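Taking the hints into account, I'd like the entire structure generated from these sequences.
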Amino acid sequence: MSDGIRRQVQICQLNDDVLAQIIEELVQQSTCSLLPLSKTCRLLRTLCKPFIFSHATCHIGEPVRSRRMLIPSFMWPYIRYLTMIDDCPDQTAGAWVYAESAMRHLYYARDPYLCGVLESPKLFSLLRRMPRLTTVSLNLQDYRCVHGVSWATLKSILALPQLREFSANLLLSPTQSPSHDDETDFSPLTLLHHERGVSDIYPPTTTERANIRYLLTKLCLSLEVLTLPAELVPVSALSFWNWPRLRELRVRGARWDSPSTPYTTLFSNMRNLRVLVLELSLSVEAEPRPISDPAMKAFPWADLEHFSVSHPVVHDSVYAHLPRRLRVLTLSCCPHKAEKPALEASDRVYAYPTRTGSEILEILQRCRAQELLELQIEYHADESENLLLGFLSSAFPKLQSLEIYRYRHPNTGDIAVVSSTCL
464 MSDGIRRQVQ ICQLNDDVLA QIIEELVQQS TCSLLPLSKT CRLLRTLCKP FIFSHATCHI
524 GEPVRSRRML IPSFMWPYIR YLTMIDDCPD QTAGAWVYAE SAMRHLYYAR DPYLCGVLES
584 PKLFSLLRRM PRLTTVSLNL QDYRCVHGVS WATLKSILAL PQLREFSANL LLSPTQSPSH
644 DDETDFSPLT LLHHERGVSD IYPPTTTERA NIRYLLTKLC LSLEVLTLPA ELVPVSALSF
704 WNWPRLRELR VRGARWDSPS TPYTTLFSNM RNLRVLVLEL SLSVEAEPRP ISDPAMKAFP
764 WADLEHFSVS HPVVHDSVYA HLPRRLRVLT LSCCPHKAEK PALEASDRVY AYPTRTGSEI
824 LEILQRCRAQ ELLELQIEYH ADESENLLLG FLSSAFPKLQ SLEIYRYRHP NTGDIAVVSS
884 TCL
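Residue numbers (my numbering): 464 to 886.
No lab work stands behind these hints: they were computed from the structure. Small disclaimer: the values here were computed from a predicted structure and weren't measured. Note that CB positions come from ideal geometry on N, CA and C, so glycine has one too. Warning: the hint list may mix true and false statements.
Said to hold, decoys possible - Result set (BS3-like, lysine-lysine): computed pairs, CA atoms no more than 27 Å apart in a straight line:
{"#": "1", "residue 1": "Lys512", "residue 2": "Lys502"}
{"#": "2", "residue 1": "Lys681", "residue 2": "Lys618"}
{"#": "3", "residue 1": "Lys585", "residue 2": "Lys618"}
{"#": "4", "residue 1": "Lys512", "residue 2": "Lys585"}
Stated by the list, open to error - Here are the simulated distance ranges between beta carbons:
{"#": "5", "residue 1": "Arg708", "residue 2": "Ala844", "range": "39 to 45 Å"}
{"#": "6", "residue 1": "Gln604", "residue 2": "Ala761", "range": "45 to 51 Å"}
{"#": "7", "residue 1": "Tyr571", "residue 2": "Lys803", "range": "36 to 42 Å"}
{"#": "8", "residue 1": "Arg734", "residue 2": "Tyr571", "range": "41 to 47 Å"}
{"#": "9", "residue 1": "Pro535", "residue 2": "His799", "range": "24 to 30 Å"}
{"#": "10", "residue 1": "Pro513", "residue 2": "Pro707", "range": "30 to 36 Å"}
{"#": "11", "residue 1": "Arg607", "residue 2": "Lys803", "range": "18 to 24 Å"}
{"#": "12", "residue 1": "Leu569", "residue 2": "Lys861", "range": "55 to 61 Å"}
{"#": "13", "residue 1": "Ala700", "residue 2": "Ser857", "range": "28 to 34 Å"}
{"#": "14", "residue 1": "Pro707", "residue 2": "Ser493", "range": "34 to 40 Å"}
{"#": "15", "residue 1": "Arg508", "residue 2": "Ala814", "range": "56 to 62 Å"}
{"#": "16", "residue 1": "His643", "residue 2": "Arg708", "range": "36 to 42 Å"}
Okay, structure coming up:
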């Protein structure tokens with residue numbers, strides 16, 4: 464009996480659970496670790512294929528004319544995570560000041576703000592032939608391009624019955640919206656991740672805001688993870704929708720001025736939140752806003768484990784209500800004041816209302832989060848700094864990570880290092 468046949472006989476004697484455990488252990492190290500194993504015999508090659516070919520990335524620079532030219536057909540049954548990089552030559556057209564000038568430079572699109580490359584029947588047909596596809600990501604090479612997907616493209620992707628997660632850093636149909644008789648059934652997504660890197664040079668359109676609102680009305684019952692630019696959050700409607708499964712909410716961008724409703728009220732229907740990240744920047748004229756209403760009777764997020772807030776308000780009552788099981792807490796500016804020199808050339812002017820060490824100490828003294836593992840704070844050093852640093856070690860004995868953004872007033876002399884503590 465040859466060595467190859469002997470190995471195959473020995474492997475076949477292992478039951479499916481043992482083989483699955485071996486493969487899972489290797490996948491945790493790296494998918495590349497499966498390649499040598501998959502070459503041992505036909506049985507293991509068959510078992511390894513769904514993992515080896517589970518991730519695929521493709522660059523799309525022109526309309527898809529052949530499904531097989533984009534992704535080989537033998538991979539279709541195994542792909543679960545698909546990333547599509549938009550290399551459309553029309554990406555720069557949206558940056559032109561005048562629409563007429565932009566139209567003269569289009570190759571595939573009919574609208575300078577909508578990608579014509581992604582709007583391809585062959586592409587949609589390919590996606591429907593991937594039975595295990597659960598995650599689709601649409602990315603731009605340069606996230607600063609004013610470039611978006613059409614409503615037809617968006618609808619075709621979100622209607623895939625097997626889809627559960629969708630992320631994009633392209634604009635979501637800024638000039639097109641669904642028709643009044645559109646009754647498309649979207650898949651019950653559990654994750655929606657959308658980033659918008661051009662809000663300072665191309666503010667969201669009314670159509671874009673309406674599209675986000677329309678999507679959330681369709682998906683709010685199934686979503687578990689939601690990431691949105693602050694400029695697109697339908698603030699007035701959030702508290703009227705039910706979010707029975709939402710566990711993670713991340714909002715980044717410029718804070719809205721109206722309504723000024725406390726966040727504990729806006730997100731009061733998100734009772735199962737475990738992660739709440741509010742990275743909201745302020746304009747020069749804006750003032751920091753508290754998270755909670757002073758008259759709040761009950762804290763809405765009893766299971767909160769990760770809480771990140773920018774520009775904390777000292778007398779905000781929310782900190783006294785944070786659950787003991789909180790694991791991660793961030794109290795800082797957005798963006799960090801240390802980033803100010805790099806952002807001076809930006810089209811947006813930020814405010815940096817940094818708290819003093821005394822104020823951060825006052826906030827933390829009201830927290831009961833004795834299980835805290837990670838803490839990030841940003842402050843101006845003052846006479847209470849030693850008290851603050853001493854308090855951290857006693858109040859949060861399980862702390863594993865401490866990140867400090869510390870600022871001093873000019874001409875305060877050298878820092879005297881008394882002792883160092885390894886957390």
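18 to 24 Å as the expected CB spacing between Lys803 and Arg607, which holds or is violated
holds (20 Å)
Within 36 to 42 Å: is that where the Cβ-Cβ distance between Tyr571 and Lys803 falls?
holds (40 Å)
Confirm or reject the claim that Pro513 and Pro707 have a C-beta distance inside 30 to 36 Å.
Holds, at about 31 Å.
Pairwise beta carbon distance, Ala700 to Ser857, judged against the given window 28 to 34 Å
Between Ala700 and Ser857, where Cβ atoms are some 44 Å apart, the hint is violated.
Can you let me know if the beta-carbon spacing of Arg708 and Ala844 is within 39 to 45 Å?
holds (43 Å)
Is the hinted pair Lys681 and Lys618 satisfied, with a Cα-Cα distance of at most 27 Å?
holds (12 Å)
Given the hint of 45 to 51 Å, is the C-beta distance from Gln604 to Ala761 inside that range or not?
Given a distance of about 47 Å, which is inside 45 to 51 Å, the answer is holds.
Taking the Cβ atom of Arg508 and the Cβ atom of Ala814, is their distance within the range 56 to 62 Å?
holds (59 Å)
Determine whether the Cβ-Cβ distance between His643 and Arg708 falls within the hinted range of 36 to 42 Å.
violated (29 Å)
Between Arg734 and Tyr571, does the beta-carbon spacing fit 41 to 47 Å?
Given about 46 Å between the Cβ atoms, the range holds.
Pairwise hint evaluation, Lys618 against Lys585, where the allowed Cα distance is 27 Å at most:
holds (15 Å)
Take a quick look at whether Lys512 and Lys502 sit within 27 Å of each other, Cα to Cα.
holds (11 Å)
Hint check: violations occur at hints 9, 13, 16; the rest are consistent with the structure.
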